[in-house]
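Undergrad: Residue numbers (my numbering), protein chains in the order written: chain P, 1 to 365; chain F, 1 to 365; chain U, 1 to 365.
Hints listed in this document are in silico derivations from the structure and should not be mistaken for laboratory results.
As the structure is a prediction and not an experimental result, all values here were calculated from the model.
Glycine included, each C-beta is placed from N, C-alpha and C at the ideal position.
Errors might be hidden in some of the hints.
[To be verified] If you anchor each label on the Cβ, the simulated ranges turn out as follows: (1) Pro5/U x His321/F: 16 to 26 angstroms; (2) Pro117/F x Asp66/U: 56 to 66 angstroms; (3) Lys141/F x Ser23/P: 51 to 61 angstroms; (4) Arg297/P x Arg340/U: 56 to 66 angstroms; (5) Thr183/U x Thr84/P: 29 to 39 angstroms; (6) Pro322/U x Asp66/P: 24 to 34 angstroms.
[Stated by the list, open to error] Computed footprint of chain P on chain U, listed as stretches where at least three residues anywhere in the stretch have a Cβ under 8 angstroms from a Cβ of chain P: (7) 158-165; (8) 202-211.
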Amino acid sequence: MAKSPFPLNAWYAAAYDVELGTSLLARRICNLAMVFFRRRDGRVAALEDACWHRLLPLSLGRLEGDELVCGYHGLVFNSDGRCTHMPSQETINPSACVRAFPVAEKHRFVWVWPGDPLAADPALIPDLHWNDDPAWAGDGKMIGVKCDYRLVIDNLMDLTHETFVHGSSIGNRAVAEAPFVTTHGDRMATVTRWMEGIEAPPFWAGQIRDVHGYEGLVDRWQIIRFEAPCTVTIDVGVAVAGSGAQPAGDKPGDRSRGVNGQVLNTITPETDTSCHYFWAFARNYRLQEQRLTHQLREGVSRIFREDETVLEAQQRAIDEHPEREFNNLSIDAGAMWARRLIDRLQARESPDPARRPVIAVRTVT
Amino acid sequence: MAKSPFPLNAWYAAAYDVELGTSLLARRICNLAMVFFRRRDGRVAALEDACWHRLLPLSLGRLEGDELVCGYHGLVFNSDGRCTHMPSQETINPSACVRAFPVAEKHRFVWVWPGDPLAADPALIPDLHWNDDPAWAGDGKMIGVKCDYRLVIDNLMDLTHETFVHGSSIGNRAVAEAPFVTTHGDRMATVTRWMEGIEAPPFWAGQIRDVHGYEGLVDRWQIIRFEAPCTVTIDVGVAVAGSGAQPAGDKPGDRSRGVNGQVLNTITPETDTSCHYFWAFARNYRLQEQRLTHQLREGVSRIFREDETVLEAQQRAIDEHPEREFNNLSIDAGAMWARRLIDRLQARESPDPARRPVIAVRTVT
Amino acid sequence: MAKSPFPLNAWYAAAYDVELGTSLLARRICNLAMVFFRRRDGRVAALEDACWHRLLPLSLGRLEGDELVCGYHGLVFNSDGRCTHMPSQETINPSACVRAFPVAEKHRFVWVWPGDPLAADPALIPDLHWNDDPAWAGDGKMIGVKCDYRLVIDNLMDLTHETFVHGSSIGNRAVAEAPFVTTHGDRMATVTRWMEGIEAPPFWAGQIRDVHGYEGLVDRWQIIRFEAPCTVTIDVGVAVAGSGAQPAGDKPGDRSRGVNGQVLNTITPETDTSCHYFWAFARNYRLQEQRLTHQLREGVSRIFREDETVLEAQQRAIDEHPEREFNNLSIDAGAMWARRLIDRLQARESPDPARRPVIAVRTVT
Numbered sequence: 001m002a003k004s005p006f007p008l009n010a011w012y013a014a015a016y017d018v019e020l021g022t023s024l025l026a027r028r029i030c031n032l033a034m035v036f037f038r039r040r041d042g043r044v045a046a047l048e049d050a051c052w053h054r055l056l057p058l059s060l061g062r063l064e065g066d067e068l069v070c071g072y073h074g075l076v077f078n079s080d081g082r083c084t085h086m087p088s089q090e091t092i093n094p095s096a097c098v099r100a101f102p103v104a105e106k107h108r109f110v111w112v113w114p115g116d117p118l119a120a121d122p123a124l125i126p127d128l129h130w131n132d133d134p135a136w137a138g139d140g141k142m143i144g145v146k147c148d149y150r151l152v153i154d155n156l157m158d159l160t161h162e163t164f165v166h167g168s169s170i171g172n173r174a175v176a177e178a179p180f181v182t183t184h185g186d187r188m189a190t191v192t193r194w195m196e197g198i199e200a201p202p203f204w205a206g207q208i209r210d211v212h213g214y215e216g217l218v219d220r221w222q223i224i225r226f227e228a229p230c231t232v233t234i235d236v237g238v239a240v241a242g243s244g245a246q247p248a249g250d251k252p253g254d255r256s257r258g259v260n261g262q263v264l265n266t267i268t269p270e271t272d273t274s275c276h277y278f279w280a281f282a283r284n285y286r287l288q289e290q291r292l293t294h295q296l297r298e299g300v301s302r303i304f305r306e307d308e309t310v311l312e313a314q315q316r317a318i319d320e321h322p323e324r325e326f327n328n329l330s331i332d333a334g335a336m337w338a339r340r341l342i343d344r345l346q347a348r349e350s351p352d353p354a355r356r357p358v359i360a361v362r363t364v365t
Numbered sequence: 001m002a003k004s005p006f007p008l009n010a011w012y013a014a015a016y017d018v019e020l021g022t023s024l025l026a027r028r029i030c031n032l033a034m035v036f037f038r039r040r041d042g043r044v045a046a047l048e049d050a051c052w053h054r055l056l057p058l059s060l061g062r063l064e065g066d067e068l069v070c071g072y073h074g075l076v077f078n079s080d081g082r083c084t085h086m087p088s089q090e091t092i093n094p095s096a097c098v099r100a101f102p103v104a105e106k107h108r109f110v111w112v113w114p115g116d117p118l119a120a121d122p123a124l125i126p127d128l129h130w131n132d133d134p135a136w137a138g139d140g141k142m143i144g145v146k147c148d149y150r151l152v153i154d155n156l157m158d159l160t161h162e163t164f165v166h167g168s169s170i171g172n173r174a175v176a177e178a179p180f181v182t183t184h185g186d187r188m189a190t191v192t193r194w195m196e197g198i199e200a201p202p203f204w205a206g207q208i209r210d211v212h213g214y215e216g217l218v219d220r221w222q223i224i225r226f227e228a229p230c231t232v233t234i235d236v237g238v239a240v241a242g243s244g245a246q247p248a249g250d251k252p253g254d255r256s257r258g259v260n261g262q263v264l265n266t267i268t269p270e271t272d273t274s275c276h277y278f279w280a281f282a283r284n285y286r287l288q289e290q291r292l293t294h295q296l297r298e299g300v301s302r303i304f305r306e307d308e309t310v311l312e313a314q315q316r317a318i319d320e321h322p323e324r325e326f327n328n329l330s331i332d333a334g335a336m337w338a339r340r341l342i343d344r345l346q347a348r349e350s351p352d353p354a355r356r357p358v359i360a361v362r363t364v365t
Numbered sequence: 001m002a003k004s005p006f007p008l009n010a011w012y013a014a015a016y017d018v019e020l021g022t023s024l025l026a027r028r029i030c031n032l033a034m035v036f037f038r039r040r041d042g043r044v045a046a047l048e049d050a051c052w053h054r055l056l057p058l059s060l061g062r063l064e065g066d067e068l069v070c071g072y073h074g075l076v077f078n079s080d081g082r083c084t085h086m087p088s089q090e091t092i093n094p095s096a097c098v099r100a101f102p103v104a105e106k107h108r109f110v111w112v113w114p115g116d117p118l119a120a121d122p123a124l125i126p127d128l129h130w131n132d133d134p135a136w137a138g139d140g141k142m143i144g145v146k147c148d149y150r151l152v153i154d155n156l157m158d159l160t161h162e163t164f165v166h167g168s169s170i171g172n173r174a175v176a177e178a179p180f181v182t183t184h185g186d187r188m189a190t191v192t193r194w195m196e197g198i199e200a201p202p203f204w205a206g207q208i209r210d211v212h213g214y215e216g217l218v219d220r221w222q223i224i225r226f227e228a229p230c231t232v233t234i235d236v237g238v239a240v241a242g243s244g245a246q247p248a249g250d251k252p253g254d255r256s257r258g259v260n261g262q263v264l265n266t267i268t269p270e271t272d273t274s275c276h277y278f279w280a281f282a283r284n285y286r287l288q289e290q291r292l293t294h295q296l297r298e299g300v301s302r303i304f305r306e307d308e309t310v311l312e313a314q315q316r317a318i319d320e321h322p323e324r325e326f327n328n329l330s331i332d333a334g335a336m337w338a339r340r341l342i343d344r345l346q347a348r349e350s351p352d353p354a355r356r357p358v359i360a361v362r363t364v365t
């Protein structure tokens with residue numbers, strides 16, 4: 001079988017924090033069946049979702065204090081995965097345990113590390129601070145998409161598609177035609193697009209009118225930042241045309257006459273061809289208006305459903321044409337860097353030396 | 001993977017003419033995803049239904065004049081499959097194109113040639129002229145059947161099954177017991193059955209009563225004509241018994257005291273185990289009666305649904321018993337010739353010399 | 001392909017007797033598509049459910065006297081599977097036949113032998129006499145379960161699971177904690193559990209109160225008897241505590257102050273990962289009360305649905321973790337013997353000498 005298209009030594013969003021109360025949550029992450037639960041001390045535990053004895057998913061059992069009781073024969077496992085009780089016998093087989101996964105909670109998400117536990121460094125959790133920063137307000141959702149998570153990344157790394165997929169809301173010709181600049185580091189890649197003196201698309205026209213009472217031409221920006229393997233934050237907004245929002249040389253931009261949002265995306269592989277797509281939209285204006293939060297969440301949700309249709313059709317096309325490769329255009333520069341950074345993370349895990357990146361390649365980045 | 005059970009160098013019915021207006025039609029033909037559209041000059045174009053860039057089905061995009069715009073990133077393809085526009089870039093990669101298929105329109109069907117375009121000779125389109133001949137009136141449908149198209153051919157090449165599958169309408173013991181004559185040529189095979197002085201089955205009894213006011217015994221004929229790889233026309237009818245409908249020696253038959261229909265069938269492989277079955281029923285009497293046309297179309301439609309049940313059950317049985325071969329009876333002579341002619345068409349395409357027919361075999365036919 | 005997990009030289013329950021009236025019954029047994037029908041002399045016949053000619057399931061045809069007529073071209077087969085009529089031809093191909101399977105009817109079930117007909121000894125039919133013994137009354141059902149039949153056997157051979165799966169009806173801690181004794185023979189294995197002086201679980205508390213007007217502590221027994229490859233009868237009941245129900249040395253138990261049932265189970269593989277589960281519950285008290293029969297049947301039915309959920313989840317887990325093996329606890333002693341006896345039956349059929357049991361092993365049993 002071909003290697004799965006994701007590194008295992010990485011933090012993946014497993015759930016929104018509020019999904020974990022007192023009940024068990026079964027979720028497949030990177031082809032691994034996991035069961036999540038919150039202990040009495042508030043920390044989240046993640047175990048392999050298959051009893052050591054007869055493989056029954058532990059998520060069909062029940063929580064007793066901080067321990068999981070299997071719903072078939074009553075074996076009990078603690079939050080480290082160690083079996084603490086076996087029915088009808090005094091001694092417990094010392095090998096009786098299920099795999100436990102490192103878990104962390106940060107920026108409103110529960111993160112899990114499916115790979116080597118010793119390598120699970122919390123400093124590697126992607127930066128999504130806007131999601132619980134008091135200077136920003138917003139909300140989001142998780143959606144299941146039946147495609148390789150990398151197709152979602154491709155989608156986010158090039159916003160040209162807004163013109164064709166989202167023409168009725170955020171897309172217009174200006175996006176497809178605007179020049180952009182791509183940069184990259186060891187785990188990051190960015191794509192920056194400034195569209196100056198353009199007509200605002202319907203979505204942003206409404207926002208800047210409501211906040212600044214402004215209805216004229218705007219300068220619009222999209223600054224896409226990829227963090228390997230699967231997080232993409234997009235700094236988006238518009239400001240009154242010519243009001244200096246765009247940085248120039250060392251001079252930072254002045255966004256005081258604009259409206260600004262952060263589209264937060266982290267896409268967790270479920271299987272090789274399906275993913276859990278967590279997103280949120282945060283804004284730094286009119287923070288207290290719950291109605292606006294609700295409206296924006298549903299508006300973005302509608303836009304993402306348009307992407308979902310395209311992404312799932314694309315996955316089916318890939319499945320039907322396994323011999324075909326993608327062709328790349330200039331607009332794909334960001335996506336190509338994202339894929340390259342993912343490949344490097346994977347190559348570091350590869351037992352096959354031919355797949356490990358050589359020094360020369362790493363120097364380039 | 002085993003070779004698919006159809007030749008590629010052949011014309012296949014892709015759609016009824018009226019299916020192609022101003023919108024895009026996605027249809028899989030011979031395992032190839034195709035998108036069809038009608039140009040402003042009225043001609044139909046057929047392209048591979050997968051964008052050169054990222055494989056998204058072009059049928060999810062839109063028609064702009066005679067060009068197709070991809071619904072993801074807006075690449076534009078003309079009706080020859082050549083890319084004429086790429087987003088955000090001046091030059092177009094000269095290799096950027098999708099496959100275009102030869103198309104022809106004849107006898108109310110749109111025909112497509114999935115194989116070598118240079119071999120696409122319009123003279124090879126099967127003869128279904130009854131379908132737009134003013135001396136005939138009729139109507140038809142397309143149905144999707146989940147079976148190898150050859151099972152439909154087998155079904156049509158032996159009408160013994162009418163007795164058992166269609167006992168309530170067109171079948172009776174006379175069909176299963178009547179002798180028949182089989183002939184064949186290089187691309188054709190025929191099966192001719194005359195049943196003289198028999199009781200008419202319910203369907204035909206009604207027709208001859210309505211047209212000739214006749215209620216007695218009839219001479220009935222079924223002349224099945226196969227044209228490789230997948231077209232079967234059946235000349236059917238009944239006449240007053242002894243009125244000379246059957247040809248004798250050089251003397252042509254006199255059908256003036258009979259009623260005559262043509263069952264037109266062309267079955268296009270969709271995948272190895274599913275097909276698009278196009279059929280029509282044309283008659284040469286009471287041409288202006290729209291009510292009769294409607295009634296006949298629905299009557300034949302009900303009969304074909306009985307076949308559908310049998311054909312799909314047969315395909316499932318084949319899938320479950322891959323090691324089993326069909327056994328043949330005398331009634332299968334026509335079907336065996338049809339299969340042999342299909343095999344020969346395929347053998348001519350085969351890169352494997354062992355599969356090409358040798359001279360000796362071809363002399364026999 | 002891996003060998004299927006069942007012996008073929010064995011009797012398998014194919015249907016309840018009443019399922020076979022005058023219509024055809026299609027059922028897959030041990031991966032074989034079979035069609036069952038009752039002849040005019042009352043005996044049941046079983047044929048391969050695929051016509052010799054074109055593989056159409058014969059179950060789509062019809063019964064004519066004691067013969068089956070194929071629903072496609074009208075070939076006729078007698079109850080031995082021999083073709084007795086072919087359409088449009090005088091002579092019948094002597095090889096034209098479909099496979100016939102040995103069938104027997106006993107203890108309310110129709111049994112079929114999918115293996116070598118010469119080995120089909122009626123003496124090998126499992127003992128389920130309680131199912132038509134006038135001293136017992138009861139009723140049962142057939143349910144389809146999407147799991148390897150051996151998972152059902154595992155389930156029945158260890159009733160510890162009652163505590164965790166059926167806590168609301170028949171399970172309580174006493175079962176999970178009670179010691180048990182395992183014995184085995186060449187084709188049988190038993191697991192015996194006595195729980196003395198315990199509180200009766202809800203189900204049995206109701207029964208002993210209704211029959212004996214007794215509400216105190218009970219002695220409870222579960223005597224599980226496996227007969228290879230797939231029959232499990234469970235002698236269950238409770239009696240007034242200390243009334244001598246448990247045998248002691250040579251002295252047989254006195255169950256006169258108790259209530260006694262027999263849970264009859266025979267599980268027929270449909271495919272490698274699905275089965276037909278036939279069960280009945282018989283009691284030896286209040287024989288005439290149809291209301292009680294109905295109530296018990298539905299009560300047991302609810303309990304078995306709880307097992308069904310667990311068993312199908314377990315099969316999915318096995319399918320997802322093909323590399324994983326089961327781990328065994330002390331409670332699995334009975335299930336391990338059942339599996340071993342099944343393996344031996346299969347080994348006797350194996351063409352591979354390495355898989356045949358050696359003398360030394362057989363001596364042990």
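Undergrad: Check the following: the C-beta atoms of Lys141/F and Ser23/P are separated by a distance inside 51 to 61 angstroms.
TA: holds (52 angstroms)
Undergrad: Verify the CB-CB distance for Pro322/U and Asp66/P against the hinted window 24 to 34 angstroms.
TA: Holds - the Cβ-Cβ distance for Pro322/U and Asp66/P, about 32 angstroms, lies within 24 to 34 angstroms.
Undergrad: If you check the beta carbons of Thr183/U and Thr84/P, does the distance land in 29 to 39 angstroms?
TA: Holds - the Cβ-Cβ distance for Thr183/U and Thr84/P, about 32 angstroms, lies within 29 to 39 angstroms.
Undergrad: Taking the beta carbons of Arg297/P and Arg340/U, is their distance inside 56 to 66 angstroms?
TA: This hint holds: roughly 59 angstroms between Cβ atoms.
Undergrad: When you take the CB atoms of Pro5/U and His321/F, is the distance between them in 16 to 26 angstroms?
TA: holds (21 angstroms)
Undergrad: Given a hinted range of 56 to 66 angstroms, is it respected by the beta-carbon distance of Pro117/F and Asp66/U?
TA: Roughly 60 angstroms apart at Cβ, these two residues keep to the hinted range, so it holds.
Undergrad: Verify this for me: three or more residues of the stretch 202-211 of chain U with a beta carbon less than 8 angstroms from a beta carbon of chain P.
TA: It is violated, with 0 qualifying residues against the three required.
Undergrad: Are three or more residues of the stretch 158-165 of chain U within 8 angstroms, CB to CB, of chain P?
TA: holds (count 6)
Comparing the model with each earlier hint shows a violation of hint 8 alone; every other hint is respected.
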